[in-house]
Each structure stands twice: as structure tokens, then as C-alpha cells.
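Novice: Starting from the known structure of chain A, arrange chain B on it as the hints suggest.
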Amino acid sequence: MDAIREIATVVLLVSGLSFMLIGAWGTVRLPDAYHRLHAASKCSTLGLLGLLLGAVVHIGTAAALSKALLTLVFTFVAAPVGSHMLARSAHAAGLEQWDRTLSDELAEDQGDHPED
Amino acid sequence: MIRRLGFDMALAVLYLSWSGNHTWPGILVGLVLGFIVVSVYDLGTAHPNHGRRALRMLRFGVYFLTILIRSNLQIAREIMTPGFSQTPRILRYPVDDLDDFQTTVLANCITLTPGTLVVDVSDDGGWLYVHCMYALDRSEAIAGLSRLDERLRREVFSW
Chain A
2 MDAIREIATV VLLVSGLSFM LIGAWGTVRL PDAYHRLHAA SKCSTLGLLG LLLGAVVHIG
62 TAAALSKALL TLVFTFVAAP VGSHMLARSA HAAGLEQWDR TLSDELAEDQ GDHPED
Chain B
12 MIRRLGFDMA LAVLYLSWSG NHTWPGILVG LVLGFIVVSV YDLGTAHPNH GRRALRMLRF
72 GVYFLTILIR SNLQIAREIM TPGFSQTPRI LRYPVDDLDD FQTTVLANCI TLTPGTLVVD
132 VSDDGGWLYV HCMYALDRSE AIAGLSRLDE RLRREVFSW
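These protein sequence lines are chains A and B, in that order.
If you number the first sequence the way my numbering does, the last residue is 117 and the count never jumps.
If you number the second sequence the way my numbering does, the last residue is 170 and the count never jumps.
These aren't lab readings, by the way, just hints derived from the structure by calculation.
One thing to keep in mind: the hints can contain errors.
Under 8 Å between C-beta atoms, here's a sample of chain A residues computed to sit facing chain B [what the hints assert, rightly or not]:
(1) 27
(2) 32
(3) 35
(4) 37
(5) 46
(6) 47
(7) 75
(8) 78
(9) 84
(10) 102
The calculated label-pair distances, taken between Cβ atoms and stated as ranges, are [as the list claims (entries may be wrong)]:
(11) B:29 - A:22: 13 to 23 Å
(12) A:76 - B:50: 28 to 38 Å
(13) B:25 - A:109: 44 to 54 Å
(14) A:15 - B:134: 37 to 47 Å
(15) B:29 - A:94: 44 to 54 Å
(16) A:109 - B:112: 22 to 32 Å
(17) B:69 - A:62: 22 to 32 Å
(18) A:65 - B:78: 23 to 33 Å
Think about it this way: if two alpha-carbon atoms lie no more than 25 Å apart in a straight line, the pair counts; the simulated SDA-like pairs of lysine to any residue are [to be verified]:
(19) A:68 - B:38
(20) A:68 - B:74
(21) A:68 - B:34
(22) A:68 - B:21
(23) A:68 - B:66
(24) A:68 - A:10
(25) A:68 - B:154
(26) A:68 - B:31
(27) A:68 - B:106
(28) A:68 - B:30
(29) A:68 - B:36
(30) A:68 - A:9
(31) A:68 - B:72
(32) A:68 - B:153
(33) A:68 - B:44
(34) A:68 - B:28
(35) A:68 - B:164
(36) A:68 - B:75
(37) A:68 - B:79
These numbers come from a predicted model, not from an experiment.
Beta carbons: idealized from backbone N, C-alpha and C, even for Gly.
Pulled out of the complex, with its shape left as it was, chain A reads as follows (with noise of 0.2 Å):
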């Protein structure tokens, strides 16, 4: 039982830890900004999930269940919020998208907005 228990928080926190490590690298890789948050944004958030999840199994109290589950909604809540509020500004700023980017429709309707 021990045995399956550290096996458990060494995947979980081994998991949660190379998401992270993929969202920081994908923060510096990634073309523009939009993309960079896009990184930023969901694998932390995974990556949170991931090293509460293995502290959870690894202390096994419902002390330390309640804990992560409140950290986890106030990240759920907060981490998309950010980056929302990050998005809005690199637009309103008029950050260089990336060169390949298809359309933007938020510029199209700046100013007056469709009815349709």
C-alpha cells in the first residue's frame, strides 16, 4: 500500500512538474503573445493540478484534501483570469502578431461594433 502510495506522488508530481516545465518553455519558444499565454495559461494550471494532487496522496489527510481543492478554485478561477487581462493589454498595446496569423477580428471591430 505504501509502495503504490509513493509511486502515485512520484507520477503526480513528476507529471505536474514537466507540464510546468513545458508551459516555461513554450513561454519563451512560441511565436507572439497570444501563443505564449496560451502556454502560460493551461499548463500551469495542469501543472498546479498535478503537484497538489501528488502532496495530497503523499500527506493523505482531509486537512490537506480541503487545502488543495480551495488552491485548486482560486487558480481555476484566477489563471484564465490573468491571462485574460494579459491578452487585453498585448492587444489594446498593438503587440506584432505572429506573421501568420489568419485574421483578427477583434481589430476589424475596434471602434464600432457589428449588429449582426
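Specialist: Okay, now just chain B, sitting in the frame of chain A:
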């Protein structure tokens, strides 16, 4: 309704913090008590179906976890393989029949699902602007968004 979203869980948390009974049975007791309280309240409303709603919500939670994992695998593949295969667009998506809270929930879900990221919401709250990583075909990308949207409406926003 959305106002009762997770109310029984909030009651369970209250029970836990006040009883100081931080054990697995304690959590179970708190959840059951919260569920009973909300169900009794629910019986007095026009559409009593708290149990079914809780089930639907649970199902959406599971679905949401799977798409979160899928979106991570997708972007991990994009990051770790050489070259880029994205065909990004910023699309507008209509949300004028949702209230502010529902729009926020939808926007958060869109951001955490594969290949999509909410950039902005129009001033009148009627449109979300979504950055899609794979949107070679515009209508297909919109259809992907509305699948999530419909699921959210059916399982979380509805009665």
C-alpha cells in the same frame, strides 16, 4: 440556478471549519448535510431537481478535466516538436444571451480548453474575442467553441 452552484459544498466547508472535524468521514458528513439542506430548499422552488443538477455538474467537471488534459497534451506537442503548425485567428463569438457571471465562466472554460484563449470581451458584453491556435477553417473553429458553450449551458447554466 447558477446562484446555487456549489452552495452545498460551501455549506460543507462551513461545517468543516466550524466543527474542526477534518477527517474523511467529517467531509462526507459535511457534504451530505449540505446536500440535504440545499435539497430541502430546492423543493420549495419552481423546478426542484437539485440531485440531477449536482450529477450534471459532476459530469461537466469530469469532461472539463479531460479537455484540460487534452489541451495540455496538444500544446505540449506543439512546443516540443520543431517548427510551428498553428493557423491562428482572433475570432468573435456571440455571448449576448448570457449574463456577466455566465460569460466569465464560459471565458474561463474557453481559455483552459484546447487551442483557444479569450483575448477580450466587447464593451456591451455581447461578444467574446477568442484567439484560436488552429482555425484554418473559421466555421469549424466556431463550431468547436459552441460545442463547449452548449455543453456548459446544458449541464451548468440550465435548471
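Novice: Among the hints numbered above, which are violated by the structure, and what are their numbers in rising order?
Specialist: 4, 7, 11, 25, 27, 32, 35
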